[in-house]
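Asks: Below, each chain spelled out in residue letters.
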Amino acid sequence: MAGKGRGVGAFTFNIEALGIGRGSMPDSRVGPMPLFPNIDFKPVPLKAGEEEDYMLALKQEMRGTMQRLPHNIKCHANKAEVERYTERYLKQSQLDDANWTPDWSLLPKELMPQKKKVVKPVKKKKAVKISRKETEAMLTKLDELEKKDDGNPEKSDDETEKKKVNEGEEEEEIEAEEYDEEDVEEENDYIDSYFDNGEDFGGAGSDENVDGEGTF
Amino acid sequence: MTAQEVRLCGLLLQEHFGEMVEKVGTHLLKSGAQNLRMILHETGISLDLHGACVFSSGRKGPGSPTEYRTSCDRILRILRYPRYIYTAKTLYGDTGELIIEELLQRGHMTMSSTVKTVADRLTQNMEDGRSMDYNDVSNSFSNLVETHFLQRCPPPPRAGPKESATPAPPPVPGTPTPPISTSLPTAESFPDCYKVPHVTLIGRGKRPLSSEDVDDQRNAKKAKMDSETHGDEGICWQVNFERFHLHFRDQAIISAVANKLDQTSSEIVRTMLRMSEVTTSPSATCTKPLSANEIFRSLPTNYNIARPILDQYLTLLVDDPMEFVGKAGESGGGMYVVNMHRALANLARATLESVVQERFGSRSARIFRLLLRKRHLEQKQVEDFAMIPAKEAKDMLYSLLSQNLVQLQEVPKTPDYAPSRTFYLYTVNQLPTARMLLQNCYKTVANLIERRLYESKESKRLLEKSQRIEAILASLQASGAEPEQLTEVEEMITAPEKQQLDALRLHINKLDSAENQVDETIFLIESYVNSTTTTS
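Protein chains in written order, with the UniProt record's numbering: chain A, 1 to 216; chain B, 1 to 536.
So that you can see chain B by itself, here it is in the shape it has in the complex (with noise of 0.2 Å):
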């Protein structure tokens, strides 16, 4: 945990859950695990609030007592939420993306539940005497675990001989009991981790104050249903994230191919990675090769590409330099493979690229690149490489060498580093650095929240005040007033002070909206991270 991240965490974790979680919070990921008494002791809270605390982020370890412990990235995947969101908005609709929305906001939920919210939600929507039939919903969600994006919560580890709890289906016979192991059990772990328990939801969604007879009818009988279990009570449902982030890293690989090649192109990776989807594991190096005959097969119909075309295309993405896609045999017309980490590494070096060029100017950029391709340059083989003035190439290399993106490696030719006698080469290393940017970014968002809370807090009694006035003519519309009330009312917030909230408003969704846009790089960035570690 770096610096930079436990302040994110903690500014992440006030934000939404109060300042008693973020005291916890941050305590705990700087001290590690802990057990209770501990943890109490140090943050000084009392037992009921801290119960409720440590609920959404913490995980216990084995053991007695019971060690706490919170990880950074569950954390600083609040900030993925709204893209998570609207990512299952694309695929399953407004009903998929509220069984998301309700699941990301509890945490965990039962399969009931999460369908009646839902449902209820979606009747609250729609035009009076329509509501939303818990079939439809139940089809979501069983749809959404189909496809991996949700699982099931891994049963919570007992320190003892009593067996986890799994009701209404029955264990896999043979199963024996899980053993207390020193490491936190996965949900993968957990054997029926992706089957839909047999519920039993029968009904509609119920819209709050109906005011019609039939519907209190309904109502009262619902109420006397809604009390029995419904054959599911324990099995709890999450988000299962690293899903997303595959379903992200694929659409990051086919929007930069769209970019770079053609649209034609990217609807042919588009497919290799479809096909892909259950055979490859989420930290392959590459998909599993694929014959061209098969991706011919597998093509939308609506595209109408032959089959020579085809091979052409291939061609042309082995052939690019982005090495996204690449060759790995000949038999079936050709095997052809999806680099994943090629082309995460690849996605990275363009990002660390762009920044140089955005905050130093292009021709810095261009002497990073030259520097990322060729390694180690001397002083005067990086001014003739990169075609720039000695002078202003010594000015833009010293300036990329104190703010850390560019090394200095000596290489002596005498054993006692004699300065006269000893090669400086400049150097660029893309792990180290791409680790630096990412740090960079979380800084970044942290600030971006706290300018944030600065000025709604500076002006704050701004916005209560419009508040204030906001729900008076709410009432007053509902309550169907004359339109002279409603400017009366709407008169009492001052021109100026409307320009001010106006101004407000606008830096305050700006704030938010780099939030979001930061956090699209960090994904990059992490998951490039991410990758050489598993790979080293």
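Chain A with its partners taken away, still in its complex shape (with noise of 0.2 Å):
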């Protein structure tokens, strides 16, 4: 640090014994290298022959048809809800190499795709142990109580949303059910009696917002 100031260009050893004088240093470089510094010698031209030529091609066929083979795998977008035209004219190689399933016997176990189960009948069977019988009579019964008790929205609201958690995994099974859908509450804010499927429209039910609803 004492020969900051005196010695900027100072070397720590005597560089006359490399024979390189003071004078014959390049100049300093000033900000980064250019991007393509000149050279003062060009390079030497590629070799160009048959088999050059020939090498050539097939690297090109062989980068080509490896884009195409099943191993070339492109981020899968997701399938468009809407089937494309050109999909139909697909052609069958295509599609097989779509669907190609690697040799398993080559590779570890854990990277087969597992086929997914459906989950959510397992976690219901044991959680729900009660019968469907009982159940249905739940329901029914909750739902008497429900059209005579407007006031509690909030406790039906509950027991009603267990059931139809349980109950809206067997909705396909269960078509006797089907129309409690529509009649059983979701858990918001709104009081029921506000809402109406359009069938009292401008009836009695609506009494608070008549001026503001607009009619277009």
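One or more of the hints may lead you astray.
Stated by the list, open to error - Computed beta-carbon distance windows for the label pairs:
{"id": "1", "chain 1": "B", "residue 1": "Q499", "chain 2": "A", "residue 2": "G64", "range": "44 to 54 Å"}
{"id": "2", "chain 1": "B", "residue 1": "Q467", "chain 2": "A", "residue 2": "D40", "range": "39 to 49 Å"}
{"id": "3", "chain 1": "A", "residue 1": "R29", "chain 2": "B", "residue 2": "A258", "range": "45 to 55 Å"}
{"id": "4", "chain 1": "B", "residue 1": "L408", "chain 2": "A", "residue 2": "Q67", "range": "48 to 58 Å"}
{"id": "5", "chain 1": "A", "residue 1": "G64", "chain 2": "B", "residue 2": "N404", "range": "14 to 24 Å"}
{"id": "6", "chain 1": "B", "residue 1": "Q251", "chain 2": "A", "residue 2": "A48", "range": "18 to 28 Å"}
{"id": "7", "chain 1": "B", "residue 1": "L476", "chain 2": "A", "residue 2": "Q67", "range": "24 to 34 Å"}
{"id": "8", "chain 1": "A", "residue 1": "Q67", "chain 2": "B", "residue 2": "P308", "range": "52 to 62 Å"}
Hints are computed from structural coordinates only; laboratory data are not their basis. Positions of the beta carbon are idealized from the N, C-alpha and C atoms, including for glycine.
Dock chain one against chain two, each of which comes alone in its own frame, and use the hints as you go.
Replies: Below is the structure:
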């Protein structure tokens, strides 16, 4: 540090020994190196012959085929909801490639995609120990309660919601219960009687906001 | 894994296998062996896709949980695929070429599926009415296996007492179940590595969409036959890269001899190498000694080399400073060996010298060669020996030093390393310089690939347009259109666009070809570096 001001360009050793004089130093660099510096000697041209052309063709062909092989995995965009027109005309080979499965004997088992089991029934079976008959009875009972008891939407909400969760999953099997879906409350802050299905539009139920709703 | 290697591997994976594989691959390269959960966690991709990604380059480790590894070398070989295929073509014709191509693309396949695919492809290119017989293809396949260009895939290591799968040919009695070892089983350690299974394959290649009724009937029958198993399920074959590398190395030595001396001496060396193919191990320093009598008997007859002439040539080869051939004794008319490692070292040295020459000029190359020969020289001595004026010599030395091609060695006279009392010697170390050049080559290839991708991306719109027009033209021609329609479609590309397309194609071809040729240098230097690690 003592020599900072005095010996900015000083070297720690005697550069005469290397044979390099102070004056023959190249210019100090200002800023970063240019991206394409000038070179004194141009590179040798490429070998060009039949062999090289053939290998070039091989290389480009191979690149093309490898990109089409099923090994090449593109990010699977989510399948569009609407089936595209072109999908109808996809070649069978492309479809086969999309469903390609590798030879599992050579890969460890853990890489195999597991079939997605429907997890809900398993959980459901454990949680719901009540028999179906009982649930049906409970539901009809609660519906009656609910229709009677408009002033207590919260309580019936909780109960019906539990049942609804169980019921929702058995939906396909219980056809008789389907119509209950519409009547069952969702847990929300709105008081049941404010909403109407449009059946009594302009009727007694909507006496609060008649002026607010515009008819278009 | 150096940074350059990882970058190049990433680019190669992306080009050939897609982005998912690239992510997994670069992650594995950077962090070594890992198990599945870590990989999924750190790359953030789902299991379904991951399974297929690991397929082509991953290898498994033993024990639970399975670890996945990938190796740089394996991925960098992708650069050399065209060379492998071309070599197969020169040695075994079109059939061999297609077999190797299929196996390189798929990684590994069973013999029956390879034979079928290749026969179909060959049939496509033949004239109408002719098709390729499966037998011919099977014969080519067996030839490739006999000369060890193809080998069986090693059985996957199973964690547990399960025996490795060896269907059809019964396992050699007395072979114990392979113990779980920490190292991966190489293909060579598998005892049946080069045995061709007995496969029943009768049939001919098929053309796609053949319109004749006879073919249809035959195809209907064939379809039934195809669904049979051919007795070799589970035996997968892969390309034996090491064998190809030995072949390339031999070719390099032979062509070097041909360039330095003459055609006849290269034939002699070729004969010697051919004779020692089976007796020499891949990493041997030199071939087994061959007597001059044996060489004389095995020479190709069309060369008409008399016995005394052969002796003269051999003496010439031994005396040559490149040291390709050495004399190992006097019995049998003289025992001669081909010095593999020495030859590789000399070839690498020649490459280094030519790099310096092309980058810095012939006078700098003279200094470089001088330093290689004389090992350590002072500044003054360099000027004197190279016969270059002092100032220019200083400049050249300094530029070589700044590029790290030449190193400085301090030799102190006193223990305190005082600068005025220390010798400063310039020196060149061949091995570290070769390694540095190898990394430069990797960087070069990575830059070439990136530039090519950049060029294609810039003109993506134009390329797509031209592809569409080509497709339209092809379909019009197939359906028999008039010439006016064809010209009309062709005119959809304007003249300046055509010029642009031509220029683009030229650039891309040049960049691609440059990749192939840099790979030749990479092979040479890699072989040299590998040969030094085995001996030391």
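Asks: Look at each hint and say if it fits the structure.
Replies: Cross-check of the supplied hints:
The given range of 44 to 54 Å is broken by B:Q499 and A:G64, whose C-beta atoms sit roughly 25 Å from each other. Judged by the Cβ atoms, the range 39 to 49 Å given for B:Q467 and A:D40 holds: they are separated by roughly 42 Å. Distance hint for A:R29 and B:A258: a CB-CB separation of about 46 Å, consistent with the stated range 45 to 55 Å. For B:L408 and A:Q67, the hinted distance range of 48 to 58 Å is satisfied, since their beta carbons lie about 49 Å from each other.
Against the hinted window of 14 to 24 Å, the Cβ-Cβ separation of A:G64 and B:N404 comes to about 40 Å, which falls outside the hint. Separated by about 20 Å at the C-beta atoms, B:Q251 and A:A48 satisfy the suggested range of 18 to 28 Å. Judged by the Cβ atoms, the range 24 to 34 Å given for B:L476 and A:Q67 holds: they are separated by roughly 27 Å. At about 59 Å, the CB distance of A:Q67 to B:P308 agrees with the hint of 52 to 62 Å.
Hint compliance for this structure: hints 1 and 5 are broken, all remaining hints hold.
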